[in-house]
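J.: I would like the entire structure built from these sequences, with the hints used as guidance.
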Amino acid sequence: MNWADLNLMPALPEMFLLGALSVILILDLFISDAKRGITYALSLLTLLVCAVTQVSTFEPFATVTLSGMFVDDPLSDIVKVAMYGVTALVLVYTRQYVKDRGLFKGEYFTLTLFALLGMNLMVSASNFVSLYMGLELLSLSLYSLIALQRESGRAIEAAMKYFVLGALASGLLLYGVSMVYGATGSLELAKVAQAIASGSANQTLLVFGLVFIVAGLAFKLGAVPFHMWVPDVYQGSSTAMTLMIGAAPKLAAFVFVIRILVQGLGEMVADWQGMLVILAVLSMAIGNLTAIAQTNLKRMLAYSTISHMGFLLLGLIAGNAEGYSAALFYVIVYVLTSLAGFGILLGLSRAGFECETLDDLKGLNGRNSWYALLMLLALFSMAGIPPLAGFYAKFAVIQAIVNVNLLWLAIVAVLMSLIGAFYYLRAVKVMYFDDVQDHSPITMSGDMKLVLSLNAVALLVLGAMPERLIAMCVEAMKQSLVVL
Amino acid sequence: MSFQAVVFYVLSLILIVAAFRVVTAKNPVHAALYLVLAFFTASGHWLLLQAEFLAIALVLVYVGAVMVLFLFVVMMLDINIEKLREGFWQNFPLAGTVALVMVAEMLLILSSPEANLAGFQAGPAVAADASNVRELGRQLYTVYLLPFEAAAVVLLVAMVAAIGITMRKRADSKYINPAEQVRVRRNDRVRVVQVQAVKPEVDTASDTNEQQA
Numbered sequence: 001m002n003w004a005d006l007n008l009m010p011a012l013p014e015m016f017l018l019g020a021l022s023v024i025l026i027l028d029l030f031i032s033d034a035k036r037g038i039t040y041a042l043s044l045l046t047l048l049v050c051a052v053t054q055v056s057t058f059e060p061f062a063t064v065t066l067s068g069m070f071v072d073d074p075l076s077d078i079v080k081v082a083m084y085g086v087t088a089l090v091l092v093y094t095r096q097y098v099k100d101r102g103l104f105k106g107e108y109f110t111l112t113l114f115a116l117l118g119m120n121l122m123v124s125a126s127n128f129v130s131l132y133m134g135l136e137l138l139s140l141s142l143y144s145l146i147a148l149q150r151e152s153g154r155a156i157e158a159a160m161k162y163f164v165l166g167a168l169a170s171g172l173l174l175y176g177v178s179m180v181y182g183a184t185g186s187l188e189l190a191k192v193a194q195a196i197a198s199g200s201a202n203q204t205l206l207v208f209g210l211v212f213i214v215a216g217l218a219f220k221l222g223a224v225p226f227h228m229w230v231p232d233v234y235q236g237s238s239t240a241m242t243l244m245i246g247a248a249p250k251l252a253a254f255v256f257v258i259r260i261l262v263q264g265l266g267e268m269v270a271d272w273q274g275m276l277v278i279l280a281v282l283s284m285a286i287g288n289l290t291a292i293a294q295t296n297l298k299r300m301l302a303y304s305t306i307s308h309m310g311f312l313l314l315g316l317i318a319g320n321a322e323g324y325s326a327a328l329f330y331v332i333v334y335v336l337t338s339l340a341g342f343g344i345l346l347g348l349s350r351a352g353f354e355c356e357t358l359d360d361l362k363g364l365n366g367r368n369s370w371y372a373l374l375m376l377l378a379l380f381s382m383a384g385i386p387p388l389a390g391f392y393a394k395f396a397v398i399q400a401i402v403n404v405n406l407l408w409l410a411i412v413a414v415l416m417s418l419i420g421a422f423y424y425l426r427a428v429k430v431m432y433f434d435d436v437q438d439h440s441p442i443t444m445s446g447d448m449k450l451v452l453s454l455n456a457v458a459l460l461v462l463g464a465m466p467e468r469l470i471a472m473c474v475e476a477m478k479q480s481l482v483v484l
Numbered sequence: 001m002s003f004q005a006v007v008f009y010v011l012s013l014i015l016i017v018a019a020f021r022v023v024t025a026k027n028p029v030h031a032a033l034y035l036v037l038a039f040f041t042a043s044g045h046w047l048l049l050q051a052e053f054l055a056i057a058l059v060l061v062y063v064g065a066v067m068v069l070f071l072f073v074v075m076m077l078d079i080n081i082e083k084l085r086e087g088f089w090q091n092f093p094l095a096g097t098v099a100l101v102m103v104a105e106m107l108l109i110l111s112s113p114e115a116n117l118a119g120f121q122a123g124p125a126v127a128a129d130a131s132n133v134r135e136l137g138r139q140l141y142t143v144y145l146l147p148f149e150a151a152a153v154v155l156l157v158a159m160v161a162a163i164g165i166t167m168r169k170r171a172d173s174k175y176i177n178p179a180e181q182v183r184v185r186r187n188d189r190v191r192v193v194q195v196q197a198v199k200p201e202v203d204t205a206s207d208t209n210e211q212q213a
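If you read the protein sequences in the order shown, they are chains A and B.
The letter at position 474 of the first sequence is residue 474 when you use my numbering, and the numbering goes up by one with no holes.
The letter at position 104 of the second sequence is residue 104 when you use my numbering, and the numbering goes up by one with no holes.
For the record, the hints were derived by calculation from the structure and aren't laboratory data.
Incorrect hints may have been included.
[Unchecked claim] What the simulated footprint calls covered on chain A by chain B, stretch by stretch (three residues with Cβ under 8 Å from a Cβ of chain B suffice, anywhere in the stretch; the number is not a length): (1) 60–70; (2) 111–117; (3) 311–323.
[Said to hold, decoys possible] Taking beta-carbon pairs under 7 Å as the criterion, some of the chain A residues facing chain B (in silico): (4) E107; (5) L121; (6) M133; (7) E136; (8) L137; (9) S178; (10) L418.
Where a beta carbon is used, it is the ideal one built from N, C-alpha and C, also for glycine.
T.: Written out as structure tokens, the structure is:
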């Protein structure tokens, strides 16, 4: 490697993020608790600058740099910009909540930004080593974010479970990667793909490694039968951390899967398709059926996440650009929707009170009809009811599946989403037709109210005119997958 | 027999004896010291393989850090050795069988024609001044620059998280600031009060009352 060849421009946003992060880390030591708002503002500013840098350095083709470790392509750009936005929303939504619980500390912000850096790396990695480093950076930050609430036994238990199972999943993934390395002789995704295409790789070893890799990825996505950590971690963590785990990391995990399965092991599509079909069907079935039995909203949304991951896998199963871009659209819409849903739960919670069971939503319409309407939009979008964005997301992946003649899978998906509609509608019924039990006023800061409203309205707007975002997803997938 | 072979056999002999003594030594401190010897001899083997970086790392990390920590723990804790050694000879036949099976397996693999040991020739001879450390450093800071930096960030996260999770300022903690303690003067602590000597009149009064009663 020659230093003159070193092109750091594609990694500019990451470098800025790391630099700003270090500055915030040091600066925060000199800020008193009363002025912690400065750290908050600086974190938001960092996210803004990152997004601006990302957009201004956009190029409609893939650039591989740092000795084939890092790739900057339209897919990573679109997902990274989405992640900056999502992280900013998370910070805005959780500000009052973490303040009330004594978590409004410097570590909260720095660990969030560290997690973002890890996600950026996952999204932009083009080598198994850098993929894994990004994943570990994200996971470690998330474990410790949950454990920051150390007075809560439930949060510590959730962090511990997440940590142990996450380590197991990483182990499975690495085991699979080592077998793929043994078969192909390279860790670079492009070279792995080349070796498989040339037929020089040992097929048995590759398929064996693939099984472990798919299991590890399913763990990270939370797909059945590797889903058992999801409900416990979602319920045990404070709602702020649940939102943190459920939002941006899903975007990163999706691109992570695309990089490994499509760009690295794309030649083995016939092998992983079958495994993903099992994961998808089980996730949709068990996620939706178990969610019906839940009375805890966070647990219910956790099972709903599992079923959504099943839908996401449908797009990958299609195995073509149409399916991948439908899945990209799906995951972006899903993250926006869950942000709105959890945002309402955060807004309804206050010091000493957690809004997390179905009963807490009783008669929300009578207390504040605007929040009830926002929650209604989020729930309808999750259920996939037109004209909300969730409908088009489901429509796109099912269409992709039908186009590759997997009609039975499409029918299963539609049936499952019908079953799923039940528990979303039950929450809506509780909000609109039950009597008010809790008369305490809902206090939400002005900025949060505004952002939350915009977020929920965006679901409606995206549902009414999804063409632009869909076109962007299709274009990004086309340009990114062609090169590798 | 070449000089290298002699060194190899001598080191191996020491290594095997040391490893055996680790499990048979009666005193845990002796066992730990034999383990240090075993590590040290193993690093000699690395040197024979021209892997000087691994040799140094083994000495620095295992002998220098891990084993010293281990020795501290062994010396600080009052371990009942007799209890630990209970059942040692009872389990010995089983442990010995396992060890024998492992040796047999290794011999079988090494002697099997399927293993094709002859196919694995020694690598090309390297120049006398070739440096493993330099090569590793070059790889780490060029090809693996990104993962290396990411690993550094992961360590930073571990530090931030460890401090964030464990550091707590307790309102009721009674810690002492040594600087303040040193600066203290006699006047801060001791107040001399002038007390006038008074006759205990009340007592005498009660005494007379008692006498009257």
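J.: For each hint, tell me whether it holds in the structure or not.
T.: Cross-check of the supplied hints:
With 4 residues carrying a beta carbon less than 8 Å from a beta carbon of chain B, the stretch 60–70 of chain A meets the three-residue requirement, and the given coverage holds. Only when three residues or more bring their CB closer than 8 Å to a CB of chain B does the claim for the stretch 111–117 of chain A stand; here the count is 3, and the claim holds. Proximity of the stretch 311–323 of chain A to chain B, defined as three or more residues with a beta carbon under 8 Å from a beta carbon of that chain, is not established by the 0 residues found. Here the hint on E107 of chain A is kept, as its CB sits about 3 Å from the closest CB of chain B, short of 7 Å.
Annotation: L121 of chain A was flagged as interfacial toward chain B, and the flag holds, the nearest CB pair being 6 Å apart, inside 7 Å. With its C-beta approaching chain B no nearer than about 4 Å, M133 of chain A sits inside the 7 Å limit, and its interface hint holds. Among the interface hints, the one on E136 of chain A holds; its C-beta lies about 6 Å from the nearest C-beta in chain B, closer than the 7 Å criterion. About 5 Å separates the beta-carbon of L137 of chain A from the nearest beta-carbon of chain B, less than 7 Å, and the hint is met.
With a least beta-carbon distance of about 16 Å to chain B, the hint placing S178 of chain A at the interface is violated under the 7 Å criterion. Annotation: L418 of chain A was flagged as interfacial toward chain B, and the flag is violated, the nearest CB pair being 43 Å apart, outside 7 Å.
Hints 3, 9, 10, counting from the list given before, are not met by this structure.
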